[in-house]
Amino acid sequence: MDGKLEDLIKGPIQLTQEVRAAVDEADLFKQDCEDVNERVEKLADALRSVAHLRNHGSKGTLYDRPTRHVMVDVRGTLDRTLSVVKRCKRAGPGLTRPSNVVPASDFRKVSGLLEGSIGDVTWLLSVSVHGHYGRRGRMEGLPPIASTDPMLAWVWGQIALVLTGTPSEREDGANYLASLACENDRNRKLIIEEGGLKSLLKLLKHGSTIGCCLAAANALGALGADQECTQQIYGQGAIPVFIHIFENGPMKVQAKVAWAIGKMASQAPDAQSVQYPIESLIRPLVSLLVFETMEANGHTGFRSSGAAMHSVAARSALKSLSILEGKAGWNEITDMNQSYNGSMNDDQWDTKSTYSTHSEFYLDRRWDHAAENVSTKTRHGRHSRNLSDSYFHGVSNRDLLKKEREAEDPETQRDLKVQVTFALWKLAENNVKNSRKIASAKALLCFAKLLEKETGEVLRNTVMTVMEMAGAAERDVELRRFAFKPNSLTAKAVLDQLLRIAQNGSADLQVPCLKAIGCLSRTFPAKETKAVIELLVCQLLHVDFEVAAEAVLALQKFSHTDNFLHLEHSKTIVDSNAVPHLVRLVAIEDEDVQVPALILLCNLAMDAGTNDAFRATNVVKALKAVSRSSISQIQSVREVLTLAMRQLELYQAAPQSYSQNYY
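Residue numbers are given in numbering that gives the first Met the number 0: position 440 of the sequence shown equals residue 439, and the series is strictly consecutive.
Calculated directly from the structure, the hints in this document are not laboratory data. Given the structure is predicted, the values throughout are model-derived calculations rather than measurements. Ideal placement from N, C-alpha and C gives every residue a C-beta, glycine not left out. Accuracy of the hints is not assured; some may be wrong.
Claimed, not checked - Distance condition first, Cα-Cα at most 27 Å in a straight line; then the derived DSS-like pairs of lysine-lysine:
1) K197 to K108
2) K9 to K197
3) K529 to K570
4) K197 to K3
5) K620 to K570
6) K9 to K85
7) K484 to K432
8) K29 to K41
9) K41 to K88
Unchecked claim - Label pairs and their computed distance ranges (CB to CB):
10) Q226 to R79: 40 to 46 Å
11) K526 to A506: 26 to 32 Å
12) S628 to S178: 51 to 57 Å
13) K452 to S178: 34 to 40 Å
Work out the full structure, taking the sequences as your base and the hints as a guide.
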C-alpha cells in the first residue's frame, strides 16, 4: 500500500517534467505557455515537498486519504495541461495545421485547474506538517478539491489534526469529530471511511495527555451509534486498545472507555457476534470493580443476613480475575484478539472444554499453574497496574495500587463504578454468552456488595445487570446451575439484596428486582421459598400497578408447570393469602395487570383449587365475569380460564365435609 501511494506521488512529478519539456519545444503561444509553465513550476515544488514529507516525515505525517484524492486530481490536471501545450508545436517549417490552433479559453481552463491543484497540494501540506495547520476555527480555507463537499474537507482537517497536531490541537480535533459524529449517520460513515477510527484509536492508546485520551474515547463512543459503525470499530482493533486502557490507563480514561463500550453495546447489540472477542472485555471490566468494592485484605464487609462472605471467597474472585505473568499476559491477549477467528459453541461455554485459541481459555486454563509459572522478572520486576501483579507481588504492590486508586477524587471513583456497571449491564443485556462470562469472572461477588452499599446510578446499573443475568440463567440451565446454585454463598448474598430492594426500594428498582427473582424461581428449594413468596404477595398490594404487575409475573413463574416444584409453590402462594389480592387485580381495567393476574389465578386454581380461600373469595363468580369480557378472547387467557373454572366448580360443588376431608 505504501508503494502505491509513492507511485501516486511520483507520477505527477514526472508529468511536470514532461510539461516543462513540452513548453521548451513550443513554437506557438509562447507567452501563454510560459504562464502555464510558471504555475507548473509552483505545483512541482509543492509536489516535491509532499514526496520529501512522505520519505522523510520527521516534521509531520502525510495523511493518506486526502493525499490519494489530491494526487489523482493533480495527475488529471497535468495530463490535460500536457495535451494543450503539445498542440503549441508546429507540425513543420512554416506550417500551422488547424489542430495547432489553441483557443485562449483552453489556456484559461488549464490555468484555473493548475491553480486549484496548487491550492489542493498546499492545503495537504498544511494539514500534514506540525505548525502549519491552525487550531480548530482558524482553518485556512477549504481545498478546491472539496468545493462540492465541504464536510469532506472538515473531516480531513480534523483527522489530520488528530494525527499531527499538538496535544491541545489533537484534543480539539477529536472533540470536533465527536460533535460531527453526533449530528447524522453520513458524518459517522464519512469519518470512518476517511480513516478516523485508526487515528482515534492511536490517540486513545498513545495520547500524551488525559484530555487527548478522553476526547478520543468520547469520539469512539459517538461513532458507535449503529451496528455497522460499531462492527467497524471492533474490526479495526479497538478491543486490544480498550484492554490496554483498562490495564494502564488513568481512572478517568478507564471510565470513559467503559462508557463507550456500554454505549456501543446498547446502540448495536447485534454487533456482539463471535466475529470479534467482545467478551474478552468483561474480565478487565470486572477487575476494575474488584478494586472499587473489595478491601485490600480480601474481606467484603457484608452485613446481610445469613450470607456472610469468608475472605477465601473474595480471594477466589481476585484469583479468577488476575492476569497471568504481568503485562506480558495482556500483550498476549492483545495478539490473540487481533488474530481471533471467532468460533465458539455456546453449549460448551465452560473454559475447560472450549477452544484453545481464545483469550478466556488463556486466562482460565493456565491459572491453576500460574503461581509456579510466573517468572522471576514478573514477580520482582516493574510494578504493573493489573490484578496479577498486586496479587503475586504481595502486600507492598497491592498497597501501592490501592493508594493510586485512592488518590483519585471521589467523583472520579464513583464515575468509574457508574460506567463499568453500565457497560456490564449493556453487555449482559439479552446475551447469554456474555452473562456466562460475567458469572465466570466472579462478578456476582462485587454485585452483592454494590447492591448493599451503593445508591443512585451505580445501584441501578447493578440491579439491571443482575436482572439481565437472571434472565439469561432462566433461559440457560448451565448458567443457572453455575452462577445461581442454591448452596452458593455469593448467590444467596445477591438474592438477599434483591429481596431487600424489592421490599424497601423505590419503584424503579423494585420492578427489575422482582423480575430477577421471578427469573430465578427454578433455583429455590421448596423449604426456602415461603419468605420469598410472602414478599411477592405483599407487593400485590403496591400502589404502583407496574410493581404489582411484576410481582404477579414473578409468582407466575413459581406456579408455572415448567417449574418442577410448581405444586408446592402454588400451595404456598395460596396460603400466603394471594387469592383475594389477585381477585382485586383481575377487576382492574388495565390489561397489563389484569391479564397476568388472571392467568396466575387460574394456575393456582388448577394446582391448589381445594383450598378454602377460593370458596371464601368466590373466585368462580369472578372468573365467570371475566369470561364475558373481551380479555377472555386472548389466547393465553382462553387456554387456562375454562380449565380453572371447571376445576373450581368440581370442588366447590362437592359437599363441604367431603371437600374438607379431601383437602
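Cross-check of the supplied hints:
{"no.": "1", "hint": "K197 to K108", "result": "violated (39 Å)"}
{"no.": "2", "hint": "K9 to K197", "result": "holds (26 Å)"}
{"no.": "3", "hint": "K529 to K570", "result": "holds (10 Å)"}
{"no.": "4", "hint": "K197 to K3", "result": "holds (20 Å)"}
{"no.": "5", "hint": "K620 to K570", "result": "holds (21 Å)"}
{"no.": "6", "hint": "K9 to K85", "result": "holds (21 Å)"}
{"no.": "7", "hint": "K484 to K432", "result": "holds (18 Å)"}
{"no.": "8", "hint": "K29 to K41", "result": "holds (19 Å)"}
{"no.": "9", "hint": "K41 to K88", "result": "holds (23 Å)"}
{"no.": "10", "hint": "Q226 to R79: 40 to 46 Å", "result": "holds (44 Å)"}
{"no.": "11", "hint": "K526 to A506: 26 to 32 Å", "result": "holds (31 Å)"}
{"no.": "12", "hint": "S628 to S178: 51 to 57 Å", "result": "holds (54 Å)"}
{"no.": "13", "hint": "K452 to S178: 34 to 40 Å", "result": "holds (37 Å)"}
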